[in-house]
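Novice: Please build the complete structure, drawing on both the sequences and the hints.
Residue numbers (the numbering used here), protein chains in the order written: chain A, 1 to 229; chain B, 1001 to 1197.
Where hints are given, some of them may not hold.
What the hints assert, rightly or not - Stretch-level coverage of chain A by chain B, calculated; a stretch enters the list once three of its residues show a Cβ under 8 Å from a Cβ in chain B:
(1) 2-16
(2) 45-57
(3) 79-90
(4) 96-110
(5) 124-132
(6) 136-148
Claimed, not checked - Pairs of lysine-lysine residues, derived as BS3-like cross-links and limited to a Cα-Cα distance of at most 27 Å, are as follows:
(7) Lys3/A with Lys60/A
(8) Lys191/A with Lys1169/B
(9) Lys3/A with Lys120/A
(10) Lys60/A with Lys191/A
(11) Lys13/A with Lys1169/B
(12) Lys60/A with Lys120/A
(13) Lys9/A with Lys1169/B
(14) Lys65/A with Lys1035/B
(15) Lys1034/B with Lys191/A
(16) Lys65/A with Lys13/A
(17) Lys65/A with Lys1169/B
(18) Lys1169/B with Lys1003/B
(19) Lys191/A with Lys13/A
(20) Lys191/A with Lys120/A
To be verified - The calculated label-pair distances, taken between Cβ atoms and stated as ranges, are:
(21) Val123/A with Pro1059/B: 39 to 49 Å
(22) Lys1095/B with Leu8/A: 46 to 56 Å
(23) Ala1055/B with Thr193/A: 44 to 54 Å
Think of the hints as simulated: they come from the structure by calculation, not from any bench.
Using N, Cα and C, we set each Cβ at its ideal position, and we do this for glycine too.
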Amino acid sequence: MSKLQNFLKGIIKENPVLVLVLGTCPTLAITSSVGNALGMGVAATVVLLCSNMVISALRKVIPDKVRIPCYIVLIAGFVTMVEMLMHAFAPDLYEALGIFLSLIVVNCIILGRAEMYASKNNVIDSAIDALGMGVGFTLALFIMSTIREILGSGSWLGFEIPWLSDNPIAIFRLAPGGFFVFGCLIAIVNKATHGKGVKKKDFGCEGCPSAAVCGKRASCKKTEEVEEK
Amino acid sequence: MMKSLLIILMTSVLVNNYVLSRFLGICPFLGVSKKLNQAVGMGTAVIFVMLLSTAVTWPIHTFILAKYDLEYMKTIVFILVIASLVQLVEIILKKYIPALHAALGIYLPLITTNCAVLGVTLNNINDSYNFIESMVNSFGVGLGFLLAMVLFAGVRSRLENANPPEAFKGLPITLVSASIVALSFTGFTGVVGGLFA
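Specialist: Structure (structure tokens):
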């Protein structure tokens, strides 16, 4: 796989949010405005890039048995750094993202990439993989927040849209709208990538620390069944 | 005193339901809500772990981190404490209370990476609750999680027989129905204030 393909796979074919359905909590929670979504995307990308590079560099040092706790400590360290930087330089964004900034620690995308990619590949490839996945995550958040902000608040990145800002559909800003838009987006991606998107079974659930009962495995089986039909 | 605790409890169960209005713990909500008994098992395990981790993280924060000005460390400390605590509980349950382990055991490892658990411990600190309020809040959040899981398991069992368009099969239709369940929960906005006014 060339470096370019490695980068692009995270954006389209293996998009972490829309195809692999990882990191759903921040995706639903902070996409009510485009600014917050971009901030979250950048923060997660920075953490992903740093953690992937460091984990890849240390992959021969970290003992296999305690690797998950090690990864969590490393990731939590980077999250804390990003948190402090954002508190200092972008206090508004820090307030808006609130608890979801700390919760990047338990975002499955980051732990998943550490386990599935960085622990097996060299530093440069891991960095490219992290950048691709991060951009894919940001892009998905951007698309979703664009839909929700335009329909829900009648504005885009704070700019008011003439007619819509007088008649906003407030439900899109609230929780139900989040679920609805996310469901529709995944359906559109299903339709568009029919047969081309990565199968969940190829992606493997083993990488995820919560594979035992996560239910992704159940949905893997389900997609397999659908494919067979 | 009682009244303020009740308000906290009702708010966290109904109004600020973590799953349906604050988007925490979506993964297990979508993953484990397929069967009713699994949903109940997961919900109970979450209540248990939330209470336990609050009972440990609140004193750590108040007596160690806040005292020595180390509050920026709370994300790292909390996730480590929760992860090791869950492991420890699993070992203890396996050895001494095998029946409970059989019921909750498989859900425990999953809970470590459940953002609702880390979320509730962090929120307790951010909202500057005292110890009793924190415990009540955690219990309420867990109860709200259980409620959402059980309700949604009922919805999903109907969904099995539905025939949505091809592209909507599987996750998309689940999310759209979650949206309708969430819509019903928005009806609770303001209820608590009215109840205790």
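Novice: Hint by hint, say whether it matches the structure.
Specialist: So, going through the hints one by one against the coordinates:
1. 2-16: Violated, because only 0 residues of the segment 2-16 of chain A bring their Cβ atoms closer than 8 Å to Cβ atoms of chain B.
2. 45-57: violated (count 0)
3. 79-90: Holds, because 4 residues of the segment 79-90 of chain A bring their Cβ atoms closer than 8 Å to Cβ atoms of chain B.
4. 96-110: This one holds; 8 residues, not fewer than the three required, reach chain B with a Cβ under 8 Å.
5. 124-132: n = 0 at 8 Å, threshold three: violated.
6. 136-148: Coverage by chain B is violated for the segment 136-148 of chain A (0 residues, Cβ < 8 Å).
7. Lys3/A with Lys60/A: holds (23 Å)
8. Lys191/A with Lys1169/B: Cα-Cα ~11 Å, so holds.
9. Lys3/A with Lys120/A: holds (16 Å)
10. Lys60/A with Lys191/A: violated (41 Å)
11. Lys13/A with Lys1169/B: Cα-Cα ~19 Å, so holds.
12. Lys60/A with Lys120/A: holds (9 Å)
13. Lys9/A with Lys1169/B: holds (24 Å)
14. Lys65/A with Lys1035/B: Roughly 33 Å separates the two Cα atoms, so the pair is violated.
15. Lys1034/B with Lys191/A: holds (24 Å)
16. Lys65/A with Lys13/A: violated (31 Å)
17. Lys65/A with Lys1169/B: violated (38 Å)
18. Lys1169/B with Lys1003/B: Measuring from Cα to Cα gives roughly 46 Å; hence the hint is violated.
19. Lys191/A with Lys13/A: Holds. Lys191/A to Lys13/A sits at ~13 Å (cutoff 27 Å).
20. Lys191/A with Lys120/A: With Cα atoms ~33 Å apart, Lys191/A and Lys120/A exceed 27 Å; violated.
21. Val123/A with Pro1059/B: 39 to 49 Å: holds (40 Å)
22. Lys1095/B with Leu8/A: 46 to 56 Å: holds (50 Å)
23. Ala1055/B with Thr193/A: 44 to 54 Å: Since the Cβ atoms of Ala1055/B and Thr193/A sit about 46 Å apart, the hinted range of 44 to 54 Å holds.
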